[in-house]
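**Student:** Sequence:
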Amino acid sequence: MAVTVLLVGNSRLHWGLGTPQNSGAGSLLRRHWDGNWPPWQVQPATMRWAAVGLIPPSLKTRLEAWPPPVETCRIPLAHCPPHVGVDRALGAWQAFGCSDGGGGVLVVDAGTALTMTAVTANGSFAGGRILPGVALQLESLHQGTASLPCVVSPWAKAWPTLPRNQARSGLSTDTVDAMVDGVIHGLSAAVANTMAALAAAAVIGECWLTGGDAPLLQNSIRTQLASGSPPLHYDPDLVLKGLLRMQVGAGVDRA
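Counting in the numbering used here, the sequence shown runs from 276 upward without gaps.
Bear in mind the hints are in silico, worked out from the structure with no lab data behind them.
Fair warning: this is a prediction, and the values are worked out from it, not measured in the lab.
Even for Gly, the Cβ is constructed at its ideal location relative to N, Cα and C.
The hints are all genuine.
Using C-beta positions, here's what the derived DEER-type ranges look like:
#1 321 - 417: 40 to 46 Å
#2 276 - 422: 53 to 59 Å
#3 320 - 498: 46 to 52 Å
Put together the whole structure using the sequences plus the hints.
**Tutor:** If you want it as structure tokens, here you go:
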């Protein structure tokens, strides 16, 4: 049976439609939709949802017919404090379930904030890091200076709606490009350095990248990884798949 899942993010609503599996972490997400309401019929009784941002007014009138939201304390990720964001816990739990069993995992969720969450080889929460995301950093540069332009708007050189702003290896002579490249290189370096440190300490054996800004960071992260670094996997629906997996009450075991 198809099930609707919803993550209320800090900036957007993320919907998914999929089929939970009876075992493992391989729940099938068939559709993904970012917007106020998905273009398919939502069955309130079976849906799963979670919120890290404010509930928009368009949803508040529908909540009475929905099951309670999934909270961090319900996710079977050992030693995960209840104050950790439910999106981080879901992504970490799902990535661990999908990993190859060669060690722990690091999940990088590049959204409004860029979060890094580590899980040990035995499935225990191991902490993480939180940084301002791409748009927040660019907005801060504009608001905190007298002359740097606003490049968060989609009308400013098509940012961020077009992926032409991939960071370059050289230096930029254009102000907007210099801002974008600086932010992307800085975030990518933070991820690559964290991966290297955790791999050297034998905490992780692989990394999973997700979130709306992940396509902007992926190439830059890969170019900064040293030879022999843990593999970097990209899954744009990692958190939604975790929500879908909660349908069948899966544990912390790997698939």
